[in-house]
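K.L.:
Listed here are the chains, written in short residue letters.
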Amino acid sequence: MSQQYEPVIGLEVHLELHLPQKMFCSCPAEFGGEPNTQVCPVCLGLPGSLPVVNREGVLATIRAGLSLGCEIATFTKFDRKNYYYPDIPKGYQISQYDLPLCRKGSLTIDVNGKSKVVGITRVHLEEDTGKLAHVDDRNESWVDLNRAGIALVEIVTEPDMHSAEEAVAYLKELKAILSYLNISDCNMEEGSLRCEPNISVRPVGTSTLGTKTEIKNLNSFKVVLQSVQHEIHRQSAALSRGEEVAQETRLWDEAGQKTVAMRGKETAQDYRYFPEPDIPPLEISKEEIETARASLPTPPKERRKALVEKGIPDYNAEIIVRSQGYADYFEACLSTYNEPHKVSNLLIGGFLQELNQRGISEEDIPIPPEHTATYCRLSEEGGIGKAARKQVLAALFDTGKDPESLVKELGVSQVEDQDEIGKMVDQVIAENEAIASQVRGGKTSAIMALVGQTMKLSKGRANPQIVQEILKKKLEG
Amino acid sequence: MKREDVEHVAHLARIQLSEEELQTFGAQLESILGYMEKLGELNTDDVEPMPYAVDVKNAYRDNPDHSPLPRDAALKNAPQLDPEGKFFAVPKVIGEISPNQGKSGEAGS
Numbered sequence: 001m002s003q004q005y006e007p008v009i010g011l012e013v014h015l016e017l018h019l020p021q022k023m024f025c026s027c028p029a030e031f032g033g034e035p036n037t038q039v040c041p042v043c044l045g046l047p048g049s050l051p052v053v054n055r056e057g058v059l060a061t062i063r064a065g066l067s068l069g070c071e072i073a074t075f076t077k078f079d080r081k082n083y084y085y086p087d088i089p090k091g092y093q094i095s096q097y098d099l100p101l102c103r104k105g106s107l108t109i110d111v112n113g114k115s116k117v118v119g120i121t122r123v124h125l126e127e128d129t130g131k132l133a134h135v136d137d138r139n140e141s142w143v144d145l146n147r148a149g150i151a152l153v154e155i156v157t158e159p160d161m162h163s164a165e166e167a168v169a170y171l172k173e174l175k176a177i178l179s180y181l182n183i184s185d186c187n188m189e190e191g192s193l194r195c196e197p198n199i200s201v202r203p204v205g206t207s208t209l210g211t212k213t214e215i216k217n218l219n220s221f222k223v224v225l226q227s228v229q230h231e232i233h234r235q236s237a238a239l240s241r242g243e244e245v246a247q248e249t250r251l252w253d254e255a256g257q258k259t260v261a262m263r264g265k266e267t268a269q270d271y272r273y274f275p276e277p278d279i280p281p282l283e284i285s286k287e288e289i290e291t292a293r294a295s296l297p298t299p300p301k302e303r304r305k306a307l308v309e310k311g312i313p314d315y316n317a318e319i320i321v322r323s324q325g326y327a328d329y330f331e332a333c334l335s336t337y338n339e340p341h342k343v344s345n346l347l348i349g350g351f352l353q354e355l356n357q358r359g360i361s362e363e364d365i366p367i368p369p370e371h372t373a374t375y376c377r378l379s380e381e382g383g384i385g386k387a388a389r390k391q392v393l394a395a396l397f398d399t400g401k402d403p404e405s406l407v408k409e410l411g412v413s414q415v416e417d418q419d420e421i422g423k424m425v426d427q428v429i430a431e432n433e434a435i436a437s438q439v440r441g442g443k444t445s446a447i448m449a450l451v452g453q454t455m456k457l458s459k460g461r462a463n464p465q466i467v468q469e470i471l472k473k474k475l476e477g
Numbered sequence: 478m479k480r481e482d483v484e485h486v487a488h489l490a491r492i493q494l495s496e497e498e499l500q501t502f503g504a505q506l507e508s509i510l511g512y513m514e515k516l517g518e519l520n521t522d523d524v525e526p527m528p529y530a531v532d533v534k535n536a537y538r539d540n541p542d543h544s545p546l547p548r549d550a551a552l553k554n555a556p557q558l559d560p561e562g563k564f565f566a567v568p569k570v571i572g573e574i575s576p577n578q579g580k581s582g583e584a585g586s
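Chains A and B are the protein sequences, given in the same order. Numbers 1 to 477, taken from the working numbering, label the letters of the first sequence in order. Numbers 478 to 586, taken from the working numbering, label the letters of the second sequence in order.
If we strip away everything but chain B, and leave its shape as in the complex, we get (with noise of 0.2 Å):
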């Protein structure tokens, strides 16, 4: 496996990997894929792809009543909060935009 690709997943993983590491786990995922590859051998050429190992369709919720978690509950088990306790606080996301809301909100607001 290419250096650059453990990397890239390391990367999308959001986490940093020594260069031992980056050797350790590049070999490892070497190996996963490698035994995975197996599959190929198959001619599924006439198989459905099953995305679902259970048989089961349409489970819908039926909207019961339900009250959401008091805030103290909800934020019980974060690192960290905003001086009055409201807000989940992270380290600051410079620089980054998330997928799909383009830039967030404004400053304290």
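Bound conformation, chain A alone (with noise of 0.2 Å):
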């Protein structure tokens, strides 16, 4: 028989923050740039220069801490981790290392409806790096270090994962709950936030830990997966035919699909951390702790619960709440139509393909909840004919105006009229004898496809439901 192998996984995870500002030093923090740009002797590293630290950094930090019910450290201090790199221009990296700003957090996350804790170790403070770029015709790498310096944050969990799945229910939920708390834009694609997951696997019913890899270079969530699925079934096929699993780190080979040990395997990093001597220890209040912790926003899985009470299904909810801009603008529609479950239906629908089509970000629309809100009102009442629905739609991203003006403007009002639609109906079925005839047989079922024929001549602005019943009444009397 064959021996089965249990995944182990941990996640380790790279947020950088969202401020104006650089962790070390004044220098603009923002996204791009020209190169080199944004650097100053500090993100530099030029010799006098010292670091000082930005306290919005730290703020951030501990909101992040808070919101994954981590123990926050009232005495903690940065260190130095060694290393030389190119994109590194000190030959170290700012960090944090036995004193972490939040420590023994969790974060629950639900996989195939049983929900599961998984641990957070620890929640630190570090810089982060430049970026480089290879030239292979040149035989160079380009340096551009705007990037170097700014804040970012490293959230650790305990190997509680057992499953590629449960690793991306992680990242979601961690990424929702993140981008709640508006201190970083949480783009995977962009690497404002990066996931490496490091993986082992052991004989089921076994307890020791195995060697473990760690994957580096995924960019989205559907990466994590597919990584995380190729590397566990790597290891253990690997097992079963007798060979060690090398620790070492690995890349995803998207055109490949698989996991690819890096070239140039180097002797294990030794960095040799220190207490940073530039920077004096913080001491963290009580107050600033109670007064990040009232700072921090209602959790998406709390919203998420409050949508469910209120009607709608899970699967909407969820995509709801992804996005807390997303959540306010749903409930904000509310207030002009409460009908919860068809809004939801809406905006995890047509409305949020619009949204997608267009490259508009679910925290930024520009059409005014209560358009949205008018718009579901008219589809679900009958004020829009089915068939003109989506060019409503389309047209209120296109013009901003409102849906009851479109409606006219566009001549796509739903026939309600019982003599307009009889009229159709009739011709209808003079035009379709045959089938006419089988209903009045006795076949009902066949009323369906005059129902069709009659939409078709209205040009999808007829209400359904009367031409059905004008139909009857013609056809069985």
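Possibly wrong hints are sitting among the right ones.
Unchecked claim - Restricting the straight-line Cα-Cα distance to at most 25 Å, the calculated cross-link-like pairs of lysine-lysine (DSS-like) are: (1) 459(A) - 386(A); (2) 104(A) - 286(A); (3) 90(A) - 553(B); (4) 90(A) - 534(B); (5) 77(A) - 534(B); (6) 90(A) - 569(B); (7) 342(A) - 310(A); (8) 342(A) - 401(A); (9) 456(A) - 443(A); (10) 534(B) - 286(A); (11) 423(A) - 459(A); (12) 423(A) - 456(A); (13) 310(A) - 172(A); (14) 563(B) - 553(B); (15) 474(A) - 443(A); (16) 342(A) - 305(A); (17) 90(A) - 563(B); (18) 222(A) - 114(A).
Just so you know, the hints here were simulated from the structure itself, not pulled from any lab data.
From these two lone chains plus the hints, build me the complex, please.
P.N.:
Take a look at the structure:
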């Protein structure tokens, strides 16, 4: 019988804080920018320069820690993590080693209807590094230090996850919680939220941890899922062949859909941490912690619960609370049209599609919620013909006008008039005598074909219920 | 001090040492470490670690406005630049990975 293996997964997440200034100098901390134009002696690591702590970075980290249920350190310090690489001009990164700002938190995830608690080992504050561009034909690497020194929060879990699905569920929940804090863009594609899973496998029923590997270079939930699945499979297969798993860092190879060992394996990194002598330690007061706690938003999980209690399906609620701005927008729509389930269907369906197609963020919707709510009401109550709904929605985004004017302008209001529909039905019966006589003969299901023809004739504007009623009256007597 | 340890320290500092230097620095490191070993003679069981010599705490900056350096000034001491003068150019880092970033950016981006 073949041996079964259980994966053990921990996650390390780096979050780039969105603050006006860098962590240890006052350079602007914006994304992008012309290379090497947001730098100064401190973040270039020039001799004689001294880093000084940005209080906002500390507060943002405390808020992140609190929102993950962490204990906040009352005494904390920075340490130097030493290594030589061109993305770090000083030869060390200012980070935190043995006294991180936050520790011992947890986050609850739901996978396949089961709740599970993932332990958070620590949340600490450090500085981001510069960016390298490798130029093959010149055999050079080009260094841009705009990003060097931007505040970076690292969040480390316990090895509590046992499937790729759990890892992704953790990451999604974490991203939702963090994005509610407004401390980061939390954008995986642009690298403001980076995830590095570490994975090992062990024979089912044993408790000793196997040798782990770490995967880097993952920039979407999908890739996290695929790479962790692949890595579990690869390690289990190696062990069942009697081979060993090497402790190493691996990269996701998108084209080959597999993880690959990094080239040029080095001896284990030796960072020689020691306390950063340029930065005095920090004492965090109870008042500071309580002020930070009071500033925390209602977390996504609670908002989701509140929405479900309003009668919205779980699935809809989950999508709506993914972003705080979208959840707020949803609530705002309800004050115009208080039909939570119907509005939620719109917001996770056609409306979200328009946002995505137009590249509009859920945090930044240009349409007043009253218009969206009115549009939803008109669609539901028959003010807009079914076939024209998509057209009106697109016009809503294109023009910004209110939906009632748009329906008039576009001439797409639903036809409710009995006489008008009656005339169309007569025409359809005349043109489809064969089907009509089947219905008269008792084959009532055939009536739907006639409904379809009438809808077509009305260019989708007729109210389908009325069409059906009139057809029944005329054919079934 | 073991020869591998000296080689390891040299590797971490990204310096190459000749056979003769390995011997010289190895002996020097040995004597420095031996000297520091003296501290081990003290009983420090009840002594709190003291990471800082100066009694200062909570030194935050008040985020004054601050103009970054003009790029020319920032790149002035760079041994080498890219042809457009926007980046520091360094010998290509092959097969290594930044401990913090995973794979670095795409070529020429």
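K.L.:
Quick one: which hint numbers does this structure break? Sort them smallest to largest.
P.N.:
none
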